[in-house]
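Novice: Take a look at the letters that make up each chain.
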Amino acid sequence: MNLRKYLKVYKNFLHTSLAAELEYKTNILIDLITAILSLIGSIFLISIFFQNNATIGGWEFEEALIIQSIYTILNGITNTWFNPNLTEIVKHIREGTLDFVLLKPIDSQFFISLKKINPSGFLEIILGFCLLLFCMRINQINLNLSFLTLFLITIICSIFILYSLWFFICTTTIWFVKTWNAIEVLRSFLYIGRFPLNSFSFSLRIFFSVFIPIAFITTIPSEVFLGVSQLWKILLEVIVATVFLITSRKFWLFALKFYSSASS
Amino acid sequence: MVQNIIDVRNLSKSFDISSKEPDLKGTIKHFFRRKTKSLKVIKDISFKIKEGEIVGFLGANGAGKTTILKMLCGLIYPSEGSIIVSGHLPFRRKENFLKNITLIMGQKQQLIWDLPPIESFYLNASIYELDKFEAKRRIKKLSDMLEIDDELFIPVRKLSLGQRMKSELLAALIHEPNILFLDEPTLGLDINAQRNLRKFLKKYNKETNATICLTSHYMKDITSLCKRVICVQNGSISYDGKLDLLLKRLSPVKEILIVCHSEKDATKLESSGYSVKNKTKNEITIIIENHHFTSSLKTILNNFDIKDLYINEPPVDEIIGKILVKKDYDI
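Protein chains in written order, with numbering that gives the first Met the number 0: chain A, 0 to 263; chain B, 0 to 330.
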């Protein structure tokens, strides 16, 4: 893979999609307001849960806010990259415009995963980091290099897991053509990621860890942030992320063999 | 000697297609137990195309023209047989192969809708690893050939269909491909826009010696661009050869309307053994077979006192229409 070429293409992706989005100023403004209101609403919801309980699943309110901030960051990433690109896969396949992507001398997965960007998602990422900084203060967490490295690793793994799950569902469009509902279900499951994994029953914990590792993606980085995570959990997340990423890649290449393109 | 750039041998393609009965009952049945059957849409076809050739694929809707084009450019895996395009197996979609070809579809677009076409051109240039200077040079050259200038800086959504199609062509040709696959490129364009597009394709082929494979339902596209046509009927090739030969074969006669000086001359002509279609006063329409058209015409001009004459050739659309409408038309 020619890294320089891919960086140059990505620079152009960024430029064109930002330019296209900035054509609609009001839409961006509405998205920004929605992001702020959504964060306020989420914090309010969590505070209601903690009104009568000092802890939920062993997590205090200040600690649960860390999960919320990581959720906000991941949701920001979802809205910035995954939502505008991966939902487009369904459109590409239904309308046959995937033809143009497949005939370009560039990796098709790279192209369809990163072509677009939604700038309003950036605000969510910034808000998430601001909340995280606030949580550092109220939880009296000290920064150090190993802590930052581990936190970064788990966050990246979470992004990969989320991306792979989403990409996997979108890939099935090649056979099923319409998969909007599955994406909506995934997004609904993502909301669950705002709550600590321990707050669920054992069976649900297994479900959200093994089958759809949504809770995984927020709880483990939060535990690392609080310095209470066990090494095996971090390793497990790294393994899960690697397996998911490789599987989604192989699945995409396999599915392309069945792509029949739309009729003209 | 001109080399074959496309070599297709015994190519077949089958698709699994589901069918549904009408009404709610049919819908429910279709939801729970979908009946699918394998349909062979391309049946054991073989052909070769030489470098620099412009070949038109003719056939009714659903005959398999687009499927053939998509297999040639590597979008669809063939079920049986072999395809070699420019020395490559298309379905492997190797970088060197993709840099050599382009696909233009009249009904689909790749330009970014909200931005001026120039942005899409530079994006494509980076994908094809062209530096900014080279991209600028090629955009200038192609926009001059396509006669577009200001349109490059207007958002795509505000361009007319003709301007958009020209921009699509520029985006698809920025990497200067050797082989162009065009699937109904003039679809929906007005007469002038169609003519301009054809003019451009002719010029592009002449200047770059690019091979062009074209499907179109506008016969003017075929007659003005393609010397050779491949007729596809129900997934099989029913004719592969020169267009004028096909036209002669499908329409072996010409009609001549002869205006004589008097009714007497017309009657004399009527009784001289020609196949007469109709006669009114001093006008007579006769039918002459193509293969002795010139000699017959000479005889008529030498032996009869003629005021005027009109040669009526059946329109190409009508002739080709015979292949498109009747599924098993014997060419």
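Rather than coming from a laboratory, the hints here were simulated on the basis of the structure. Keep in mind that the hints are not guaranteed to be accurate.
[What the hints assert, rightly or not] Cut-off 30 Å, straight-line C-alpha distance, at most; resulting in silico cross-link-like pairs (DSS-like, lysine-lysine):
no.	chain 1	residue 1	chain 2	residue 2
1	B	K139	A	K103
2	A	K7	B	K49
3	B	K39	A	K249
4	A	K103	B	K19
5	B	K297	A	K90
6	B	K139	A	K10
7	A	K103	B	K93
8	B	K131	A	K256
9	A	K103	B	K135
10	A	K103	B	K107
11	A	K90	B	K140
12	B	K49	A	K256
13	B	K98	A	K10
14	A	K232	A	K90
15	B	K139	A	K4
16	B	K34	A	K256
17	B	K131	A	K103
18	B	K34	A	K103
19	B	K131	A	K10
20	B	K42	A	K103
21	B	K93	A	K10
22	B	K36	A	K249
23	A	K4	B	K131
24	B	K140	A	K7
25	B	K107	A	K24
[What the hints assert, rightly or not] Covered, in the sense of this in silico footprint (three residues per stretch, anywhere, with C-beta under 8 Å from a C-beta of chain B), are these stretches of chain A:
no.	region
26	68-79
27	98-112
[Claimed, not checked] Counterexamples of contact, computed for chain A against chain B with all Cβ distances above 12 Å:
no.	residue
28	L6
29	K7
30	C129
31	L189
32	R204
33	L244
Backbone N, C-alpha and C define an ideal beta-carbon position, used for all residues, glycine too.
Novice: Decide, hint by hint, whether the structure agrees.
Specialist: Okay, the hints, checked on the actual structure:
As the CA atoms of B:K139 and A:K103 are separated by approximately 22 Å, the hinted pair is consistent with the 30 Å bound. For the given pair, A:K7 sits about 36 Å from B:K49 by alpha-carbon distance, which is inconsistent with the 30 Å threshold. Pair hint B:K39 plus A:K249 holds up; C-alpha atoms about 29 Å apart against a cutoff of 30 Å. A distance of roughly 36 Å separates the Cα atoms of A:K103 and B:K19; the hinted pair therefore is violated under the 30 Å criterion.
Note on B:K297 and A:K90: the hinted pairing is violated, with a Cα-Cα distance of about 63 Å set against a maximum of 30 Å. Note on B:K139 and A:K10: the hinted pairing holds, with a Cα-Cα distance of about 23 Å set against a maximum of 30 Å. Restraint check for A:K103 and B:K93: satisfied, since their Cα atoms lie roughly 10 Å apart, inside the 30 Å limit. A C-alpha spacing of about 35 Å is found between B:K131 and A:K256, which places the hinted pair above 30 Å, so the restraint is violated.
Using a Cα cut-off of 30 Å, the hinted pair A:K103 and B:K135 holds, with the two alpha carbons roughly 20 Å apart. Taken as a hint, the A:K103 and B:K107 pair is honoured in the structure, with Cα atoms around 16 Å apart against an allowance of 30 Å. For a cut-off of 30 Å, the pair hint linking A:K90 to B:K140 is broken: about 33 Å separates their Cα positions. Simply put, B:K49 and A:K256 have alpha-carbon atoms about 29 Å apart, close enough for the 30 Å limit, and the pair holds.
Only pairs whose Cα atoms come within 30 Å are accepted, and B:K98 paired with A:K10 is accepted, the gap being roughly 21 Å. Note on A:K232 and A:K90: the hinted pairing is violated, with a Cα-Cα distance of about 37 Å set against a maximum of 30 Å. In summary, the hint linking B:K139 to A:K4 is supported, as the alpha carbons are separated by about 23 Å, within the 30 Å threshold. Of the supplied pair hints, the one linking B:K34 and A:K256 holds, its CA atoms being roughly 22 Å apart against a limit of 30 Å.
With a C-alpha separation of about 18 Å, the suggested pairing of B:K131 with A:K103 holds against the 30 Å cut-off. A C-alpha spacing of about 36 Å is found between B:K34 and A:K103, which places the hinted pair above 30 Å, so the restraint is violated. Distance restraint check for B:K131 and A:K10: the Cα-Cα separation of roughly 13 Å lies within the 30 Å cut-off, and the hinted pair is therefore satisfied. For the hint linking B:K42 to A:K103, the alpha-carbon distance of about 29 Å falls within 30 Å, and the restraint holds.
Taking the CA atoms of B:K93 and A:K10, the gap is near 24 Å; set against the 30 Å cutoff, the hint holds. At roughly 28 Å between alpha-carbon atoms, B:K36 and A:K249 fall within 30 Å of each other, so this suggested pair holds. Of the supplied pair hints, the one linking A:K4 and B:K131 holds, its CA atoms being roughly 13 Å apart against a limit of 30 Å. Taking the CA atoms of B:K140 and A:K7, the gap is near 24 Å; set against the 30 Å cutoff, the hint holds.
Between B:K107 and A:K24 the alpha-carbon distance is near 28 Å, which keeps this suggested pair within the 30 Å criterion. Note: the region 68-79 of chain A has 0 residues with beta-carbon separation from chain B under 8 Å; the three-residue rule is not met and the coverage is violated. A count of 7 residues in the region 98-112 of chain A with a Cβ less than 8 Å from any Cβ of chain B is obtained; the coverage claim is therefore met, three being the minimum. A beta-carbon of chain B is positioned within 12 Å of the beta-carbon of A:L6; the least distance is around 10 Å.
At the 12 Å boundary, the C-beta of A:K7 falls inside the reach of chain B, the nearest C-beta of that chain being 5 Å off. In this structure A:C129 is separated from chain B by more than 12 Å, as the shortest Cβ-Cβ distance comes to about 31 Å. For A:L189, the non-interface assignment is confirmed: its Cβ lies about 28 Å from the closest Cβ of chain B, beyond the 12 Å cut-off. Every Cβ of chain B is farther than 12 Å from the Cβ of A:R204; the closest lies at roughly 35 Å, confirming the non-interface assignment.
In this structure A:L244 is separated from chain B by more than 12 Å, as the shortest Cβ-Cβ distance comes to about 22 Å.
Hint compliance for this structure: hints 2, 4, 5, 8, 11, 14, 18, 26, 28, 29 are not met, and every other hint is.
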